[in-house]
Structures are given as C-alpha cells and as structure tokens.
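2 protein chains.
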Amino acid sequence: MADYCFGVDVGGTTVKCGLFRVDGSLLEKWEIPTRTADGGKDIIGDIGATLLAKMEERQLSREDFLGIGLGVPGPVDQKGIINGAVNLHWGKKDLPAELGGITGLSVWAGNDANVAALGEMWKGGGAGSRNLILATLGTGVGGGIIVEGQIVTGSRGAGGEIGHCRVNRQEKEVCNCGNQGCLEQYASATGIARLARRELAASTDGSVLREQPEDSITAKDVFDAFKAGDDLAARVVDKFALYLGNALATFATVVDPEVIVLGGGVSKAGAPLIQAVQKVFREDAFHSSKDVPIVLAQLGNDAGIYGAAKLAIDKGQS
Amino acid sequence: MADYCFGVDVGGTTVKCGLFRVDGSLLEKWEIPTRTADGGKDIIGDIGATLLAKMEERQLSREDFLGIGLGVPGPVDQKGIINGAVNLHWGKKDLPAELGGITGLSVWAGNDANVAALGEMWKGGGAGSRNLILATLGTGVGGGIIVEGQIVTGSRGAGGEIGHCRVNRQEKEVCNCGNQGCLEQYASATGIARLARRELAASTDGSVLREQPEDSITAKDVFDAFKAGDDLAARVVDKFALYLGNALATFATVVDPEVIVLGGGVSKAGAPLIQAVQKVFREDAFHSSKDVPIVLAQLGNDAGIYGAAKLAIDKGQS
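The listed protein sequences correspond, in order, to chains A and B.
This note's numbering applies: residue 1 is where the first sequence begins, and numbers increase by one.
This note's numbering applies: residue 1001 is where the second sequence begins, and numbers increase by one.
Fair warning: there could be bad hints in the mix.
Per the computed footprint, the stretches of chain A lying under chain B, defined by three or more beta-carbons under 8 Å from a beta-carbon of chain B, are [what the hints assert, rightly or not]:
| # | stretch |
| --- | --- |
| 1 | 92-104 |
| 2 | 173-187 |
| 3 | 252-262 |
| 4 | 287-297 |
Please keep in mind that the hints were generated in silico from the structure rather than gathered at the bench.
All C-beta atoms, glycine included, are put in the ideal place defined by N, C-alpha and C.
Construct the complete structure from the given sequences, taking the supplied hints into account.
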C-alpha cells in the first residue's frame, strides 16, 4: 500500500524534506544544504540520495510510496518542467524525469510559492477552504492562488506571481523583475524599509526610526515602532497597507476567494499588520468579498513541505 | 444517444436560445422576450416552454439531450444556484431544480459573463486556449476567467467580477456597485463617455467632440474621433487604455493566461482599441506575460449560447 509520500521544498540555501503519511501526518522533517555551485548540478542528486537514505533507514520500499511532491523557486509548468531558477543557478529542467529517474518514484513539481499556498489551504491558515490567495511577504513578494483545491499554475507557470502586479506607474526605482512600481517594491521586507527611508527623507518629523542608521532599518523595526505609537512609522504602514490591501481586493475580483493568507517574514508583525491591510481591503473589495477574512499563515517554513506532500497526494490519488 | 444540448443566455430584454449538437455545431438559434414583471416569475417557465416546443418541432426526445447550459446575469455558485439577478428582478433561485423540473433535462448554470468566456475559449477569439481572461466592455464591464478549461466560479459566484477592481481611489462618483473608482467607471461605454466629458471640461482645446451636445457623446463617438486624428479623443483613449491595460496586466499576474479577449459593444472600435490597450499591457505586465495576445471577441451576442452549450457538454460528459 502506498501510505507514504515525501514533501520537498527546494530553497536557495537549504532543501527542506518531510516524510508524510498520506493521511496528512508529518512523521519527520530534515534539511540538507542546497549546493548551487556549477549550475546547481548536484541539487537533484543530493535530494534523491537523502530520500533514498531515509527510505532505507525506515525500511520502506518504493511500493510504500505514492511519490514525491516538490516545490522549487521558479516557474513550473503543468508537466513539472521548470524553466529556469535563478536562486538555484538552474536552466530548464524536467524534474519528474530527473528526480524520478534517481528515486524510481513518481514526482510532481510546482512553484514553491504556489505549493506553499496549497500547504496553507491543507493544514494552515486557510484550512477547510478550497479557494485561497496566499501572499508571501518576504525579501520579495510571492504568491499562490488556489481555485477549487487546485494550484493555478498558469499557461507559463507564472500563475500567482502577484508580487509583480504594477501598482505604481510613477515609480523610478527598478524592481528585480525589470519593471518599475511592482507590489513587491512596497509590500516586501525590503520594500517596507524603502518606504520608511522615503518617509524619513520627506520630513523632519520625530521618529524612533531616526535613532538608528537609515540603512539598518528593517520591516520589523517599522512595525515595532508602529506598535509603539510612532506616527511616522504609522504613515509607512498605511502606505504599505494601501498598496497591498488594494492589490488583494483586485485579485479577489478575479478569483473570489474564501480566505486570504499572509505569510513570510513580514507577516510576523501579526495582528496590527492584518488590521491595517484588512481595513483597506474592505474599502476596495467588491461588495460580495468585503468580509473575506485575511489571516496569518500558520505553517511558517513548513508550508512548502506540507504543500508539496499535498500535491503528491492529490496527483498520486487522482 | 445524447447528441444534442441547448445553450441558453438569459438577458434583461431577451432570452437567446441555441440548439447544438455536442460536436459543437449550432443547428438553430432563436430568441424569446424576457418577461421581468412580478419578480421575473415567468422567465423560467417561458424558457422551459420554448425548449420543449423546439424538441417537439424537431421530434427529439429527452434521451437525445445531454442537457441545458444556462448563462444568467448574476452570481451563480458551483451548484447552479443564483443569489439574485437585478436585471431579471430575481431573488435566490435554484436553476437546475426549477428548469430541470419543467423540462426533465439536466441543467448547469453559470454567470453570463463567465459563460461567455467559455464560449470565446471554445469557438471564439480564444479558440485553442485553456487559460483565458475575457473582459466584456459594454454598458458595464463584465468578465470571465478560464483556468485549465474551467470557469473560475469563485467561492460566492463572483469569480471574474473584474469590472469592480478599484483602479482609482481618488474617484468621487459612485459606481453601480457602491464603490468609487471601479474599472467599470473608465472602461465601459458609459465610463468612456464620462472620461470624454471630463476631458472636454478640463480644457478649451478644439475637438470634433465639441460639435455635438455633451450628453450625447458615446464611446463610439470617442473612438471615431480618435481614428480621425482628434487629439482630445486620443487623450481619452489613452486614459481608458491606461486603466484597462494596467488592470489586465494585474489580472495576468494572478492567472497567467494564454490570451486576453476583449468583447462587448466598446470592442467594436477594433484594432486601434486593441493597440492602445496592448501598449499599456506590455509596459505593465510581468515579463513572462508581456507577449500575451489581446484579441477581439468573435462570437458577439452568440458567445453566451456557445458558452452555455459548452458548459452542458463539459459537465454532461464528465
């Protein structure tokens, strides 16, 4: 009986691995380093080796496994082919063929942010829902869209690339993607720090944020100051919330979700962040979506392995 | 053998009906008036009667039919329950139960704009695609989203309500939906006329649009003047294209479509309209989507009956 599956989340620094039962229980998780040298040529082999070692250690055979779910940081098409991953130094790769060849197991792959959205739908902040938007507010802004329980992969594997909607056509600085004025430039950790530096430069108003070197200001500093009642920090949070809340309301007109989940390092600011974003969202959303809850992600760094496991379970059992 | 189906598109003035073969050929189409008096209580009965009459006329039995697909102007959930339709004077209605009860046929219903998107994907401007955004630029702005061949219904039947994304938080006039600054206020026929009146009021620049009473200016007048080289009309078209092109680029970050289809009366302006919108879309879209074609809808008023038939075929054969 195929009672087990692996959920694997490939990041630029570490590969997170989880051994799951198909009922959804996580039996064990571990990490290996991501070796990105030489075009990341060792990464797939390393993943295959650690999974095979785990099977041997647990005395499990191929027949015990439904397969492997894999989340990777790049655009992945419906067939599991990734068309380049900058952080892994990868070009185009057929993941089911390569990792399947090494392990002898079925492999299903998805974009890491999309897979994390599936994880949050399954066991996290969106548990019980089938239509969900996840926005991951980290160094950049990633996202994943789930419609009727399925990842929206899109025609080029770019479904859910919501960090790159253009929210400000007046922006002069260039986003990592090459455009100017992407949501990521205001709603990521680096974006919030940039908004703070701009707000500091725009006035001489007092603020605790002036007590440290400008370049050292982080999104956490901004939210800490906001929670302590700092007016200038509150203006920064308002701008962040305006861009993000408005964009989420627009995304909601497209997919009409049951729930919106915010994850990533920035979301650790917690309830005050949620309240600020929800306020703008309510103002801007279409009437039938105004009460859509905006909640915090719950799985943290494990969203990827959970979602990858869920992908394997859904695909392997269909 | 169930070789036939009906595709029915319920509008506020007429009900359009099509008799299809399940291979996709339209055998006959006709219309009946929509009787909206007394809460639209006669509409479903009228539809049932005309379909039963057609079956008798053609000497076809229930066994010859896969069923009925129905597009209706309101939010329809996954079960085919409509939660109010202003134009039909309807409250909540279980369409499969009511129309199915009269006809003895299986009934699948969807929102009219969503169903039209399915039609354009099947036999219209998006033929051959499986991931599509349709924006219908009429009196209002409607829309339909198709992901992997399926309508995005959404959790409350409001999937694809893209006319009501809030694109201008500075707008003072109120949209029909109650919000201020919806895309519909700039990209619909009435919205383009409003933009023209504002542009005329903002300057004394010469324009052929000044040669008629302001209240009589239509979107067609604006595009006709634009095509004839009128500078003021060109500024109106630029504003329209800026709002619509930017919004489409944002929608594309969510669903990563293969093609974007523009329909509705405004789209009759043709190639110059497409070019204006495509230019902004290219500037604003995420890099992998910049080359997504924006094309004209091809089915005109028949998109609804085609899409409704396709809905019946997909659901009836699955």
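Evaluated hints:
1. For a cut-off of 8 Å, the count of residues in the stretch 92-104 of chain A with a CB near a CB of chain B stands at 0, and the three-residue condition is violated.
2. Coverage of the stretch 173-187 of chain A by chain B holds. Counting CB-CB distances below 8 Å, 3 residues qualify, and the rule asks for three or more.
3. Restraint check on the stretch 252-262 of chain A versus chain B: 6 residues with Cβ-Cβ distances below 8 Å, three needed, restraint holds.
4. Look at the stretch 287-297 of chain A against chain B: 3 of its residues bring a Cβ nearer than 8 Å to a Cβ of that chain, three or more, so the hint holds.
Of the numbered hints listed earlier, the single one contradicted by the structure is hint 1.
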